[in-house]
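Position chains C, D and Y relative to chain X; hints supplied.
Chains as they are written, first to last, in the numbering used here: chain X, 3 to 137; chain C, 3 to 137; chain D, 3 to 137; chain Y, 3 to 137.
No false leads were mixed into what you were given.
Identical chains blur together in the list; that is why a pair holds if it fits in one copy or across any two.
Cut-off 20 Å, straight-line C-alpha distance, at most; resulting in silico cross-link-like pairs (SDA-like, lysine to any residue):
1) Lys29 - Glu7
2) Lys8 - Asp20
3) Lys8 - Glu119
4) Lys29 - Gly18
5) Lys8 - Arg123
6) Lys8 - Val122
7) Lys8 - Gln105
8) Lys8 - Pro80
9) Lys8 - Lys29
10) Lys106 - Pro80
11) Lys8 - Ala109
12) Lys8 - Ser19
13) Lys106 - Ala12
14) Lys106 - Asp50
15) Lys8 - Met111
16) Lys8 - His107
17) Lys106 - Arg81
18) Lys8 - Ala112
19) Lys106 - Pro14
20) Lys8 - Ala108
21) Lys29 - Gly4
22) Lys8 - Gly21
23) Lys8 - Glu33
24) Lys8 - Ala47
25) Lys29 - Arg130
26) Lys29 - Ile132
27) Lys29 - Ile6
28) Lys29 - His5
29) Lys8 - Arg115
30) Lys29 - Ser19
Since the hints were derived computationally from the structure, they do not count as laboratory data.
4 protein chains.
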Amino acid sequence: MGHIEKMLRAHPEPAGSDGDTALACIKACFECAEVCTVCADACLAEPDMQHLVTCIRLNLDCADICAVTGRLFARPSPRDAETLQHQLEACARSCRSCGDECQKHAAQMAHCRICAEVCVRCAEACERMIGALVP
Amino acid sequence: MGHIEKMLRAHPEPAGSDGDTALACIKACFECAEVCTVCADACLAEPDMQHLVTCIRLNLDCADICAVTGRLFARPSPRDAETLQHQLEACARSCRSCGDECQKHAAQMAHCRICAEVCVRCAEACERMIGALVP
Amino acid sequence: MGHIEKMLRAHPEPAGSDGDTALACIKACFECAEVCTVCADACLAEPDMQHLVTCIRLNLDCADICAVTGRLFARPSPRDAETLQHQLEACARSCRSCGDECQKHAAQMAHCRICAEVCVRCAEACERMIGALVP
Amino acid sequence: MGHIEKMLRAHPEPAGSDGDTALACIKACFECAEVCTVCADACLAEPDMQHLVTCIRLNLDCADICAVTGRLFARPSPRDAETLQHQLEACARSCRSCGDECQKHAAQMAHCRICAEVCVRCAEACERMIGALVP
Numbered sequence: 003m004g005h006i007e008k009m010l011r012a013h014p015e016p017a018g019s020d021g022d023t024a025l026a027c028i029k030a031c032f033e034c035a036e037v038c039t040v041c042a043d044a045c046l047a048e049p050d051m052q053h054l055v056t057c058i059r060l061n062l063d064c065a066d067i068c069a070v071t072g073r074l075f076a077r078p079s080p081r082d083a084e085t086l087q088h089q090l091e092a093c094a095r096s097c098r099s100c101g102d103e104c105q106k107h108a109a110q111m112a113h114c115r116i117c118a119e120v121c122v123r124c125a126e127a128c129e130r131m132i133g134a135l136v137p
Numbered sequence: 003m004g005h006i007e008k009m010l011r012a013h014p015e016p017a018g019s020d021g022d023t024a025l026a027c028i029k030a031c032f033e034c035a036e037v038c039t040v041c042a043d044a045c046l047a048e049p050d051m052q053h054l055v056t057c058i059r060l061n062l063d064c065a066d067i068c069a070v071t072g073r074l075f076a077r078p079s080p081r082d083a084e085t086l087q088h089q090l091e092a093c094a095r096s097c098r099s100c101g102d103e104c105q106k107h108a109a110q111m112a113h114c115r116i117c118a119e120v121c122v123r124c125a126e127a128c129e130r131m132i133g134a135l136v137p
Numbered sequence: 003m004g005h006i007e008k009m010l011r012a013h014p015e016p017a018g019s020d021g022d023t024a025l026a027c028i029k030a031c032f033e034c035a036e037v038c039t040v041c042a043d044a045c046l047a048e049p050d051m052q053h054l055v056t057c058i059r060l061n062l063d064c065a066d067i068c069a070v071t072g073r074l075f076a077r078p079s080p081r082d083a084e085t086l087q088h089q090l091e092a093c094a095r096s097c098r099s100c101g102d103e104c105q106k107h108a109a110q111m112a113h114c115r116i117c118a119e120v121c122v123r124c125a126e127a128c129e130r131m132i133g134a135l136v137p
Numbered sequence: 003m004g005h006i007e008k009m010l011r012a013h014p015e016p017a018g019s020d021g022d023t024a025l026a027c028i029k030a031c032f033e034c035a036e037v038c039t040v041c042a043d044a045c046l047a048e049p050d051m052q053h054l055v056t057c058i059r060l061n062l063d064c065a066d067i068c069a070v071t072g073r074l075f076a077r078p079s080p081r082d083a084e085t086l087q088h089q090l091e092a093c094a095r096s097c098r099s100c101g102d103e104c105q106k107h108a109a110q111m112a113h114c115r116i117c118a119e120v121c122v123r124c125a126e127a128c129e130r131m132i133g134a135l136v137p
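Next up, chain X with everything else stripped away, as it sits in the complex (with noise of 0.2 Å):
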């Protein structure tokens, strides 16, 4: 079991039955969030970046939303119902938009083939924690 793990069973506010889901989700925000800040800065390093500009900016979009998106996830306590769902859209949109742009590089770039296959995991995991806020 991982410390996030941990630390949310140590929480005085138990997860209610979504819990499994929010977990996944904050694993998957915190990790798109670190994977997409390599990325920008594997693009900057590439030798022929000028057509990765698009994707760089995407890149440093996508992993501010989600290191928000995972820590509001991350703090259990009750909370403003709606505000975290339409964060969770706007990361799951970010994430959908980054990993296109990243896929259009995967075959030329190993980071943006990894990058591209974590966001859409990340942009998952979000959708179904709004299926699992909206009932």
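Relative to the frame of chain X, chains C, D and Y by itself:
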């Protein structure tokens, strides 16, 4: 003219017809992020802070959401419009719920009164920006 | 191999001889940022949280400092070494003081016990990274 | 009087004799975080941006470091002084190296010229704050 405004004018991709709306939104988001950060710390320093727990939680979330929303709009190059729209909706909603909670304590604590005002103004700025994005 | 590790290997500017130390530091910083975020929220949810105010404050600071430190090292391209060194010192020190405070409550609250462990490990990872930067 | 100033005055733990120095530091850090964020995006939008890669990297780091430093000082309750000192040193140094790099392009690009000025001012504000912390 403030530094953000000068920077946006010096940006090689000039803002479109919604430039003033975007500038107002950026300023409001950064200001609200700062004010909510102080308010959370001020609530934690109140002698009887047990009844301020909800306020602290909403302040922390609102500070994070406003900071990332301000950051996204401080990057004026072309981006994914749908992501920006969802992020603005998250930010407007977060400001409304934080502002409502702070308003409950406005008569007792000046920091909550000021924070409530700043939150409402930021919500309005985000809502106007949503209107500019979605014609 | 985790995603961060794969991403760093796919980066066009390969890590130097301190690559393993840097990877451990990145992982420890992101983990500590997440765990401190949960711990602050868990402390706020404790029935008798008035005596946890110092712990909450240090958790919030440590979460922010670890998040930015992890982010800087997740950008492996050449950077200003002196900036990185000061940032590592801030992070190591923040983890030490947050870990010390959490340790005081470790017997009563599992979230503080886990957080104390994670903070110490992150401090050690940062200190090793300082040693790698400053030969 | 700006909102941050009003908030700090409304805080239940009044600032000490270094209150004005701290306020100037907070404002400078948040302003520099915003300006560096715009500058990174503006550099990415320049037609010949290959030679601006170092500038973009330093802008991104400086934006993150300034944002977290501003945030720490926007929480005026008692904290770990040694952590704050290291963080200020990281911030001052980051502003110096980003400002030096931006200055190289100041004649060609107004955004780099403004950013260089703002970075120097933030470095000075952080250095004064270090002087106030360490008597």
